[in-house]
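Trainee: Okay, here's what each chain looks like letter by letter:
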Amino acid sequence: MNAPNTISPYDFDAILASRGVDLPALRVDTLQLNVTKLCNQACRHCHVDASPARTEAMSRDTIEQCLRVLAQHPQIATLDITGGAPELHDDFEYLVERATALGRHVMVRHNLTVQLDGHPKSGRSMEHLPAFFARHKVEVVSSLPYYQAYFTDAQRGSGVFEKSIEAMRRLNAVGYGIDGSGLRFDLVYNPVGPYLPAAQASLEADYREALRAQFGVEFSQLFTITNMPLHRFALHLRKSGQYEAYMDKLLAAFNPAAAEGVMCRNLISVDHTGTIYDCDFNQQIGLQLREPATIHDFDYERLAQRRIRFGDHCLGCTAGAGSSCGGATA
Amino acid sequence: MSNYFESEDLKKFGEIGRHAKPLADDFFRYYGKVTGTDGALSKREKSLIALAIAHAERCAYCIDAYTTACLEAGANPEQMAEAVHVAAAMKAGITLVHSVQMNNHLDRLVL
Numbered sequence: 001m002n003a004p005n006t007i008s009p010y011d012f013d014a015i016l017a018s019r020g021v022d023l024p025a026l027r028v029d030t031l032q033l034n035v036t037k038l039c040n041q042a043c044r045h046c047h048v049d050a051s052p053a054r055t056e057a058m059s060r061d062t063i064e065q066c067l068r069v070l071a072q073h074p075q076i077a078t079l080d081i082t083g084g085a086p087e088l089h090d091d092f093e094y095l096v097e098r099a100t101a102l103g104r105h106v107m108v109r110h111n112l113t114v115q116l117d118g119h120p121k122s123g124r125s126m127e128h129l130p131a132f133f134a135r136h137k138v139e140v141v142s143s144l145p146y147y148q149a150y151f152t153d154a155q156r157g158s159g160v161f162e163k164s165i166e167a168m169r170r171l172n173a174v175g176y177g178i179d180g181s182g183l184r185f186d187l188v189y190n191p192v193g194p195y196l197p198a199a200q201a202s203l204e205a206d207y208r209e210a211l212r213a214q215f216g217v218e219f220s221q222l223f224t225i226t227n228m229p230l231h232r233f234a235l236h237l238r239k240s241g242q243y244e245a246y247m248d249k250l251l252a253a254f255n256p257a258a259a260e261g262v263m264c265r266n267l268i269s270v271d272h273t274g275t276i277y278d279c280d281f282n283q284q285i286g287l288q289l290r291e292p293a294t295i296h297d298f299d300y301e302r303l304a305q306r307r308i309r310f311g312d313h314c315l316g317c318t319a320g321a322g323s324s325c326g327g328a329t330a
Numbered sequence: 001m002s003n004y005f006e007s008e009d010l011k012k013f014g015e016i017g018r019h020a021k022p023l024a025d026d027f028f029r030y031y032g033k034v035t036g037t038d039g040a041l042s043k044r045e046k047s048l049i050a051l052a053i054a055h056a057e058r059c060a061y062c063i064d065a066y067t068t069a070c071l072e073a074g075a076n077p078e079q080m081a082e083a084v085h086v087a088a089a090m091k092a093g094i095t096l097v098h099s100v101q102m103n104n105h106l107d108r109l110v111l
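One line per chain: the protein sequences are S and P, in this order.
Using the numbering used here, read the first sequence as starting at 1 and increasing by one per residue.
Using the numbering used here, read the second sequence as starting at 1 and increasing by one per residue.
I should point out that these hints are in silico values taken from the structure, not numbers from a laboratory.
It cannot be assumed that every hint is accurate.
[As the list claims (entries may be wrong)] Straight-line distance between alpha carbons at most 20 Å, and here's what the computed EDC-like set of lysine to aspartate or glutamate pairs gives:
hint	chain 1	residue 1	chain 2	residue 2
1	S	K249	P	E8
2	P	K12	S	E244
3	S	K249	P	E6
Extracted from the complex, chain P is given alone in its bound form (with noise of 0.2 Å):
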């Protein structure tokens, strides 16, 4: 059976031009500016986020990805965890959140 996700493919992410190249060079520029630098939030910070929606996102490839480059802008694996838990957290409390409309549908079914 074949799979989706080959590590070997993260490679090949800059392909993603192969039809529409202006447009992922545009893509590219944006993405490195916004991930790869130090801005308002420093290089780790912006690395953490991304680590984390990587996870929300269930993305292999940017799980890999941010769990380097989290490495490589000086972050610890404590710090990766609690992104990681962030990330967590916040899909149970969206998940939850959605119980107020349960219930507000409750409130118009139940006599």
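So that you can see chain S by itself, here it is in the shape it has in the complex (with noise of 0.2 Å):
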């Protein structure tokens, strides 16, 4: 009996191969921490799986230790900090008063509710969390699927809309996403299902006429991101009966463009025990590097050199105008 044939239509690094499209990494200039899965929110889409019930988190060591190669590279120009809601772990703050004082561009993936919501095991308030991010310059990133509650909520749960608008108020209000402000606010959209993005640039201009009109809100840019099939979004696809059409629209919208900028080429991703990824789609699938590192042996030279890591999830970045953290790259 021959033996099943187990090569994935999906192998991403067979199809670079067969489209002659080479991804090496470029250089680090982004060093993105995932520095807990704990979150006030449980999405349907959360590649991270992360929750309130969730309890990993990036001990001060190793923060410490992120620090000290921040420190010591200046050519990782920016911080990315992801989780879960970050802004829940202890020592988020002092993350990033010392990232800041590094003199590091510092990003954090705010959810917005998380302000309105509070710690969801203590009850620790976050209204103070606007002041602080202003304080600091940081720039806030945050989801918000669509201008209308509809999607918004059926992908991020009951009332997360209207509180996003109030939260997004209180960001406006110390000066986030106000011309000459200095003070960045992005949103990032996301399809609320197995589909791809509308093109950014209408979508973003979308987004800025109805909430300017509907809520009287301002933002900076919008970043669209395309779902990845990974985990809780990965499940819904196969109960759904949708995975192999999921994957098979993304694989007819590989675009070598896309590819070209996707953004494991100039970032690493870090989770809360210090072990880097490629990203953090490949951390959330426990997919290491292909010599497996830390960031308490972190060489940046072989860093910058090494052959990224790919799986059959990476079409999500390349489908269409393309997907990253900063949203499209085509």
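Need the complex rebuilt from these two chains, each delivered in its own frame; the hints are there to steer you.
Mentor: Right under this line is the structure:
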């Protein structure tokens, strides 16, 4: 009997090879830290499976080592802090204060509602966050799947849209998203199902017009991001019988120009234990570097010249106009 | 009982060229240019028109395809529902305007 054919039709390395595309790492200019999986929300598409029940958190030792790496490598210009809701980590503010003192550009993946919900375990208030962000000139990046409640609440939970608008007003009140303030406040769109995002520029115009007219809120820029077929979203796709159709859609929309701009070529992602990954998606499925490494044995040259480890999910970053933590790539 | 409309069959649309490939190629080039690009009408507007026609023509394949296409063009369910209402209103109007013909004939028949 012949052995079953185990080659996935979505094998990303094979797809790159067949299209003649090579994607080596280029540099490391962004250090992305996933400091906790704890979150006040439990979104249906979350590739981290974050929720109020999660307990993973980066130790102070590991945070100190991340700061040492930043101090020793000025070429790493950006610290991108994510989670879960990273503000729920006890050392979040210490990390931001130290990184900004080092002159680094700090980005926070802020889910908006944590401002109003507070800490899901301790009940600690988070209403000070807009003022804290502004004091340290942090770039705030927040998910808002649509400029209406229907899609937003379907994905992120009932009542999330209304709370998000209130949180946006509080960010605007301290200058975030307001022209001339120097305080960047970006929004993130992602589809509420197995389909590709609309064009970033046209959707940004829709968001700006609707949010300004209906709610009086402002933002700097919109990033469109494609849903990754991982964890909760992958489970939904499989349960609803849509997994293959979604993967086929991503494969059919493979765009070499978008592939050139994938974020893993200029960042590394660190989990709460200090283990380094090519990106946050690889981190969430435990797909370690080809040569495993941690922040404690950080070697810039080796990382900047590494061969990136790809998986089927990488098709999510290369479909259509592309997708990254900074939005479309092509 | 077999169904004439199987959603899986939508994937086979490209096979309409099995016995007349040059004609099918011409069609798909035209179809892609008309529906898949921004022109004097945006892709979103075109998708909403196509969704309305899909309902009016009762094409199950097209309803699936253009529900997705509308979302991928940034449309929302309210816009999509209004597009279907336009189709419904047109259908109703088209039906009702034929009553002019009925009245004309009545006028001829009735003493």
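Trainee: Take the hints in turn and mark each one as holding or not.
Mentor: Verification of the hints:
1. S:K249 to P:E8: 14 Å, holds
2. P:K12 to S:E244: 16 Å, holds
3. S:K249 to P:E6: Holds, because 18 Å separates the two Cα atoms, which is no more than 20 Å.
Checked against the numbered hints above, the structure breaks none of them.
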